[in-house]
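There are 2 protein chains.
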Amino acid sequence: MGKSNLELVKECDRFPYYQDDPAFYTAHLENYHVFKVSGCDAVLGYILNGVVEKFPWPAEFWAVDTTTRTVTLVTGADATPAQRSRLIAQTLAAAVEQGTFEILRGWRDELYPIYGPGGEFLLEMERSATPLFGVVSYGIHATCYVQDDQGLRIWVPRRSRTKQTYPGMLDNSVAGGMSSHERPFECLVREASEEASLPEAVTRASARAAGCVTYFYVRSSKAGGETDLLQPEVEYIYDVRVAADVVLQPGDSEVEQFHLLSVDETQAALARGEFKPNCAVVLIDFFIRHGILTAENELDFLEILARIHRRLEFPTASHATN
Amino acid sequence: MGKSNLELVKECDRFPYYQDDPAFYTAHLENYHVFKVSGCDAVLGYILNGVVEKFPWPAEFWAVDTTTRTVTLVTGADATPAQRSRLIAQTLAAAVEQGTFEILRGWRDELYPIYGPGGEFLLEMERSATPLFGVVSYGIHATCYVQDDQGLRIWVPRRSRTKQTYPGMLDNSVAGGMSSHERPFECLVREASEEASLPEAVTRASARAAGCVTYFYVRSSKAGGETDLLQPEVEYIYDVRVAADVVLQPGDSEVEQFHLLSVDETQAALARGEFKPNCAVVLIDFFIRHGILTAENELDFLEILARIHRRLEFPTASHATN
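Residue numbers (full-length UniProt numbering), protein chains in the order written: chain F, 1 to 322; chain R, 1 to 322.
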């Protein structure tokens with residue numbers, strides 16, 4: 001008996017819900033400080049108390065209040081995103097130098113954006129540091145599939161066994177994080193080319209936006225680095241239907257090999273826990289949208305749909321151009 | 001300047017969220033009593049205080065506690081769903097006789113099910129009474145569409161101008177409530193035949209399950225009956241792609257006429273507020289799943305997706321057969 005789809009969802013959407021147990025939720029929040037920037041009321045993320053204690057916070061521009069459990073980046077009222085980002089970078093550089101956090105040894109040299117309550121860009125920070133601050137991160141996940149008289153088959157890559165995070169696990173056909181100033185569709189086109197050798201023209205012609213999944217992940221040991229760090233995420237979802245003669249191939253060292261799996265084979269691998277947690281969620285969403293998982297064959301249909309579209313308690317981005 | 005898609009979603013998903021303002025949410029709950037049945041800890045719905053005061057609660061089997069704001073249907077520990085349902089029916093019959101509630105003048109003579117925390121069937125009650133108890137109700141909504149070289153067009157019915165609820169508004173191609181013991185797909189087949197004259201064979205061959213939308217509706221005057229009653233809802237979603245020569249026609253008096261609208265025409269009618277609120281939500285979900293509304297062209301993409309998949313704070317059904 002393998003893992004149920006709801007069990008897979010719960011491995012990804014792990015942060016408690018207020019409604020399930022208000023007293024527990026309120027007590028649980030005491031494990032965290034809230035992360036704010038001056039001039040903005042919104043809570044941007046939750047920082048584990050243990051992280052707050054270890055962080056070398058330069059007192060010139062950080063205010064740590066252990067009574068209200070608030071960590072504030074203090075700047076003038078007219079600070080720009082570039083100014084805030086420089087102060088964050090300076091703080092992180094000191095932490096790296098002192099070797100404070102294991103997770104920062106996976107430095108990516110990619111900047112991730114953080115937004116305010118009106119969707120305004122507030123600052124950017126090194127990707128590997130975002131779970132220390134518990135801020136929302138953004139990415140794209142695409143399911144490339146073939147649908148013909150042999151039925152529906154899905155292109156599934158296995159992650160390189162030497163990758164820092166989730167080594168050797170199965171992944172979505174194309175997936176990647178969105179750096180600052182990147183837009184979802186352009187991120188998809190870039191990642192599809194880099195990771196799956198999918199020509200830009202094929203992606204542009206065949207990819208269809210299909211919503212997003214959102215969840216509140218709590219990092220396990222498989223994620224690498226400190227455990228229990230928070231990672232609320234938004235993944236924009238694409239379906240890419242390709243012809244049977246299109247073959248996905250690793251374009252960089254991140255993927256070991258691609259396999260074309262039937263729905264049954266994919267579901268069996270899911271039940272065995274072979275997929276990276278958020279990739280399992282994306283496949284479950286795909287199966288729901290394609291009428292493979294239904295109210296009649298999935299016991300936990302409603303709970304699954306609500307949890308993979310979680311309304312995060314932090315401000316989120318708008319990537320609209322209009 | 002018409003209504004934005006988020007404004008349309010908010011007309012349907014109107015109940016406040018704890019996360020937006022914990023103090024306001026907590027204060028808001030004081031407007032309601034919780035509805036319970038003895039032997040089950042779960043809150044099954046919220047009853048407006050004004051409704052609690054007016055309801056003729058027979059003291060033999062109702063306990064109304066104004067301190068904890070709880071209304072409990074009191075039975076022996078081994079009560080069956082049939083026994084609970086009889087007591088509810090008796091209570092409602094008295095309310096109808098005394099003319100206590102305007103909403104019960106729209107008596108439908110259809111029984112709606114209420115489930116416990118393990119998905120177990122607890123009781124059923126007359127459809128028109130469910131908003132008095134604020135319990136979750138279930139339905140199916142289908143979008144019938146044509147997709148060919150003329151583009152995507154959607155079959156949109158206008159509700160009869162003499163209908164009690166939302167007269168003259170635009171609706172989804174097929175929509176209907178699920179009575180007790182009904183399953184989503186069979187409900188779809190029945191409603192498609194009754195309301196849209198779609199032959200059973202066409203529905204069975206062409207309908208594809210595509211998830212569900214959930215939201216927490218607060219009834220307005222257009223819904224008929226008392227305002228501010230609560231109606232948390234689950235709508236199972238189907239896409240039905242039909243050939244261009246299939247013509248949907250009213251099968252009963254509930255629909256005035258069907259129109260085949262382009263995406264632009266449908267979106268214009270949405271912006272004019274012509275659609276029944278939950279039908280607008282179903283179309284927005286359709287547009288997201290079909291890549292028409294995307295992260296790049298919809299400012300409120302993330303908030304919309306989370307709100308139309310709201311995790312309800314009451315137990316919900318499982319309609320799975322396995």
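It cannot be assumed that every hint is accurate.
Copies of the same chain are indistinguishable here, so a pair counts whether it falls within one copy or spans any two.
As the list claims (entries may be wrong) - Once the Cα atoms are required to be at most 25 angstroms apart in a straight line, the calculated SDA-like pairs of lysine to any residue come out as: (1) K222 <-> P22; (2) K54 <-> E254; (3) K54 <-> M169; (4) K54 <-> S160; (5) K276 <-> V64; (6) K54 <-> E186; (7) K10 <-> A82; (8) K36 <-> M1; (9) K36 <-> P22; (10) K54 <-> R127; (11) K276 <-> A94; (12) K3 <-> T67; (13) K3 <-> V74; (14) K10 <-> G118; (15) K3 <-> S197; (16) K276 <-> E30.
These are computed hints drawn from the structure, not numbers from a lab.
Outcome of the hint check:
1. Taking CA atoms no more than 25 angstroms apart as the test, K222 paired with P22 passes in neither setting, with 30 angstroms inside one copy and 34 angstroms between copies.
2. In this assembly of identical chains, the alpha carbons of K54 and E254 never lie at most 25 angstroms apart, being 32 angstroms within a copy and 66 angstroms across copies at closest.
3. Taking the shortest Cα distances, K54 and M169 never come within 25 angstroms of each other, neither inside one copy (31 angstroms) nor across copies (60 angstroms).
4. Taking the shortest Cα distances, K54 and S160 never come within 25 angstroms of each other, neither inside one copy (32 angstroms) nor across copies (66 angstroms).
5. Within a single copy, K276 and V64 get their C-alpha atoms no closer than 35 angstroms, and across copies no closer than 49 angstroms, so neither meets the 25 angstroms cut-off.
6. In the homo-oligomer, the alpha carbons of K54 and E186 never lie at most 25 angstroms apart, since the shortest distance is 38 angstroms inside one protomer and 58 angstroms across protomers.
7. In the homo-oligomer, the alpha carbons of K10 and A82 never lie at most 25 angstroms apart, since the shortest distance is 37 angstroms inside one protomer and 35 angstroms across protomers.
8. In this assembly of identical chains, the alpha carbons of K36 and M1 never lie at most 25 angstroms apart, being 45 angstroms within a copy and 35 angstroms across copies at closest.
9. Proximity of K36 and P22 under a CA criterion of 25 angstroms is satisfied in both settings, with 24 angstroms inside one chain copy and 18 angstroms between copies.
10. In this assembly of identical chains, K54 and R127 lie within 25 angstroms of each other by CA distance solely inside one copy; the values are 19 angstroms within and 58 angstroms between copies.
11. Taking the closest pair of Cα atoms, K276 and A94 never come within 25 angstroms of each other, the shortest separation being 32 angstroms inside a single copy and 57 angstroms across copies.
12. Taking the shortest alpha-carbon separations for K3 and T67, neither the intra-copy value of 41 angstroms nor the inter-copy value of 44 angstroms comes in at or below 25 angstroms.
13. Neither within a single protomer nor between protomers do K3 and V74 lie at most 25 angstroms apart by alpha-carbon distance, with minima of 46 angstroms and 39 angstroms respectively.
14. Proximity of K10 and G118 under a CA criterion of 25 angstroms is satisfied inter-copy only: 17 angstroms between copies versus 30 angstroms inside one chain copy.
15. Taking CA atoms no more than 25 angstroms apart as the test, K3 paired with S197 passes in neither setting, with 32 angstroms inside one copy and 42 angstroms between copies.
16. In the homo-oligomer, the alpha carbons of K276 and E30 never lie at most 25 angstroms apart, since the shortest distance is 29 angstroms inside one protomer and 43 angstroms across protomers.
The structure fails hints 1, 2, 3, 4, 5, 6, 7, 8, 11, 12, 13, 15 and 16 (numbered hints given earlier, in ascending order).
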